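Novice: Residue-level listing of the chains:
There are 2 protein chains.
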Amino acid sequence: MPPDLESNVAERLSPEDLLEAWHLLIPEDRLESFRALSRPEAEDLFLSLGARDQGELLRALPPPERRSWMRLLAPDDCADLIQEIPHHEREELLSLLDDTTRKEVNGLLAYAEDDAGGLMNPRFVRVRPEMTVDESITYLRRQAPEVAGAMHYAYVLDPEQRLRGVVSFRKLLAATPDQRVSEVMQTDLIKVPEKMDQEDLSRLFSTYRLGAIPVVDESGHMKGIVTLDDIVDVVREEATEDIQKIGGTAPIDAPYLRISIVDMIKKRAGWLAALFIGETLTATAMGYFEAEIARAVVLALFVPLVISSGGNSGSQATTLVIRAMALGEVRLRDWWRVVRREVVSGLGLGFILAFIGMGRILLWQALFHTYGAHYALVALTVAASLVGVVLWGTVVGSMLPFLLRRLGFDPASSSAPFVATLVDVTGLIIYFTTAKLVLSGALL
Amino acid sequence: MPPDLESNVAERLSPEDLLEAWHLLIPEDRLESFRALSRPEAEDLFLSLGARDQGELLRALPPPERRSWMRLLAPDDCADLIQEIPHHEREELLSLLDDTTRKEVNGLLAYAEDDAGGLMNPRFVRVRPEMTVDESITYLRRQAPEVAGAMHYAYVLDPEQRLRGVVSFRKLLAATPDQRVSEVMQTDLIKVPEKMDQEDLSRLFSTYRLGAIPVVDESGHMKGIVTLDDIVDVVREEATEDIQKIGGTAPIDAPYLRISIVDMIKKRAGWLAALFIGETLTATAMGYFEAEIARAVVLALFVPLVISSGGNSGSQATTLVIRAMALGEVRLRDWWRVVRREVVSGLGLGFILAFIGMGRILLWQALFHTYGAHYALVALTVAASLVGVVLWGTVVGSMLPFLLRRLGFDPASSSAPFVATLVDVTGLIIYFTTAKLVLSGALL
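Chains as they are written, first to last, in UniProt numbering: chain A, 1 to 444; chain B, 1 to 444.
Just so you know, these hints were derived from the structure itself, not from any lab. Keep in mind the model is a prediction, meaning the values are calculated, not measured. Treat the hints loosely; a few may be bogus.
One copy or any two copies: either way a pair holds, since identical chains are not told apart in the list.
Said to hold, decoys possible - Keeping only pairs whose Cα atoms sit at most 30 angstroms apart, straight-line, the calculated DSSO-like set for lysine-lysine is: (1) LYS223 x LYS266; (2) LYS171 x LYS266; (3) LYS223 x LYS195; (4) LYS103 x LYS171; (5) LYS223 x LYS436; (6) LYS191 x LYS171; (7) LYS171 x LYS223; (8) LYS195 x LYS103.
All chains, please: the whole structure from these sequences, using the hints.
Specialist: Here is the structure:
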């Protein structure tokens with residue numbers, strides 16, 4: 001936290017600092033510091049914690065105290081909390097809720113955690129189209145205390161609970177008191193089905209710059225609302241997952257310092273072992289060229305240089321395409337446009353590296369006479385292979401996310417290490433084949 | 001967009017579809033489709049576009065039409081738009097604004113684009129503490145039409161414009177009409193200085209689950225508010241930048257399909273060339289072991305396998321740490337905890353790969369007699385180097401982001417390719433040194 005901020009929040013230090021430091025404390029210290037707070041401070045802290053932390057804290061408290069904390073949570077946050085605790089303790093926590101809330105929470109638990117139904121809050125402010133603005137404000141005054149904090153819209157439902165429109169509290173306040181709600185409400189509104197995936201939902205929030213989106217069932221009955229504050233968490237979570245996949249790890253659903261080392265190794269070993277097994281093909285590939293290497297050891301010196309260039313350019317291309325897909329900038333049907341761009345980029349980048357590589361070999365030869373009589377041919381081999389390998393890496397790296405998505409996998413699984421491994425094997429073949437063509441009769 | 005959604009928004013097809021397809025259209029088509037919309041539809045579309053697209057569209061319109069579109073924008077959005085257009089055209093657009101707005105926009109342009117001052121909207125709803133709830137609602141009715149859509153809070157200012165508290169419209173509606181604003185307002189509120197960086201700001205939004213944060217100057221005068229919808233864009237932008245850096249590219253500030261190929265090559269060539277030059281050290285390193293390779297060509301076969309394992313494990317470690325830092329889960333002072341974890345993980349992962357690698361060599365030897373008389377010693381060399389290289393890659397990969405942050409650079413610059421390149425050179429040294437120790441007297 002920057003120093004400017006600290007001076008600004010200095011007057012209310014302890015609960016905020018506790019929240020900041022929460023992930024660094026051991027569970028016993030958490031409980032102790034939590035108990036040291038006044039009730040209102042403790043409530044603020046509890047509500048600011050994520051569902052996982054709320055669950056851990058609740059389980060650390062003695063059972064008689066739990067009920068009053070569960071009551072603080074809106075039904076969607078209750079459901080999130082319950083999904084974070086072990087199955088055999090769920091019933092007990094559910095039994096602490098009043099009947100209405102328990103029914104709502106059970107309803108939410110039936111949805112997948114990452115679709116609109118699982119994210120929505122089933123409590124929202126409802127008004128009737130035929131009410132006057134003044135009547136609706138009086139009516140709102142009665143509903144307002146029951147709905148969660150982030151809500152700023154009233155939804156206009158007909159007697160069958162079908163969604164007819166929406167009006168913000170701000171607009172109600174600005175309207176003349178005797179207008180009808182139906183006159184001030186907005187009727188062309190974005191609504192989503194319960195099954196919509198959270199990633200599509202978050203794109204919708206950002207495309208239309210919305211504060212809340214109502215969720216409706218197939219017959220248009222309103223089921224709840226998803227608010228922007230839930231979506232910020234989604235955007236962050238999805239980016240974290242993508243970044244971890246790009247780095248070649250299975251997504252780690254917990255903060256780095258809190259996951260156990262055994263789990264950490266498990267999450268990483270799978271991909272690493274798979275990549276390693278893929279990479280053993282390089283030993284096989286090089287085995288085929290063992291005779292060439294024996295005759296011209298100088299060739300072996302440039303193997304890491306040539307194949308890593310393919311890996312690096314492929315990893316650039318793949319991360320750019322993965323992110324562009326996640327942001328909706330590139331779709332499956334754009335693959336041909338992407339190929340054309342990447343062929344040009346790959347050739348451009350390949351020639352730049354070939355130029356540098358050739359210069360490096362000629363310079364070293366002039367200075368140290370390192371590379372023998374056929375140094376010019378060796379330089380040509382390296383330069384020509386670089387163009388081929390970089391072009392190949394770029395095209396493979398950019399196309400792999402398309403292939404993965406087409407097959408129904410997450411394009412982000414096309415990690416930098418995955419692409420590098422794929423390109424290493426083919427890079428070797430490109431390099432040694434080029435060598436055979438250029439050097440036959442001279443070194444080979 | 002999934003089919004469920006399309007059926008839901010089918011009744012208002014054209015402007016939404018246009019928005020979806022915007023990035024795929026050529027500029028002429030954009031202008032033409034935009035002009036085909038009714039005025040209210042066109043306004044919705046214009047307001048949904050990002051600042052860059054708004055700017056491009058505006059510049060495509062004939063000058064006399066521009067004023068009425070500029071007027072639609074809140075001052076912070078105006079400032080964003082102006083930052084997206086070439087310098088020499090800015091004055092002309094600014095001159096289209098009325099005096100008050102122009103002053104506000106000029107004020108905002110003085111802030112850096114990515115601090116709180118640059119993100120904030122200088123228009124907000126203000127009330128006085130001594131007003132009754134009823135008076136404040138009447139007062140709000142007059143202010144409401146002037147402030148932007150995402151605003152749901154009234155800020156309580158004293159006569160010197162210092163921020164005393166905040167009250168949501170919802171809470172005002174729920175209060176009894178003759179209570180004082182000072183009785184219902186919340187006084188312990190989070191506020192930030194104008195200079196706060198957007199990344200810290202976004203963490204604050206998510207830690208405290210806020211909808212809006214007021215920005216104050218050094219004497220506590222309120223300057224504006226930052227709202228959650230601006231922060232969603234920030235979170236997305238920062239993740240995109242991090243992902244591009246992790247992939248080894250300079251951040252690309254435009255959608256993938258819209259940046260020119262020349263700019264694309266420029267953004268990628270810098271890092272790629274730097275990595276390539278670093279990687280030429282592998283040729284130097286291998287040069288030192290040329291004699292060993294000539295005597296035991298079998299050693300060269302495993303070079304790509306061994307060094308890529310270091311690169312892959314390093315790239316896992318670095319992306320995990322970069323993301324944990326960006327989320328605030330890991331701070332500079334945690335470096336020692338991270339080292340300890342990564343040493344254990346690195347050893348664990350190293351032994352797993354060593355086991356697989358040894359098995360692979362022994363199996364191939366049994367099946368094809370590929371690796372000569374000293375195959376067992378070769379297998380031992382590969383296995384022992386794998387433990388060393390993976391451990392080394394993991395530790396280097398996890399520490400590099402700390403080092404970069406400590407030196408004032410962005411930890412995300414510790415890209416997967418960067419770590420792989422660093423580890424390749426040292427990996428070669430580990431491998432050939434191990435080989436000398438294990439094989440001396442036998443093969444070497």
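Novice: Each of the hints needs a verdict: does it hold here or not?
Specialist: Hint check results:
{"no.": "1", "hint": "LYS223 x LYS266", "result": "neither (40 angstroms within a copy, 50 angstroms between copies)"}
{"no.": "2", "hint": "LYS171 x LYS266", "result": "neither (53 angstroms within a copy, 49 angstroms between copies)"}
{"no.": "3", "hint": "LYS223 x LYS195", "result": "within (12 angstroms within a copy, 42 angstroms between copies)"}
{"no.": "4", "hint": "LYS103 x LYS171", "result": "between (33 angstroms within a copy, 27 angstroms between copies)"}
{"no.": "5", "hint": "LYS223 x LYS436", "result": "neither (68 angstroms within a copy, 70 angstroms between copies)"}
{"no.": "6", "hint": "LYS191 x LYS171", "result": "both (20 angstroms within a copy, 26 angstroms between copies)"}
{"no.": "7", "hint": "LYS171 x LYS223", "result": "both (23 angstroms within a copy, 24 angstroms between copies)"}
{"no.": "8", "hint": "LYS195 x LYS103", "result": "within (20 angstroms within a copy, 47 angstroms between copies)"}
The earlier numbered hints that this structure contradicts are 1, 2, 5.
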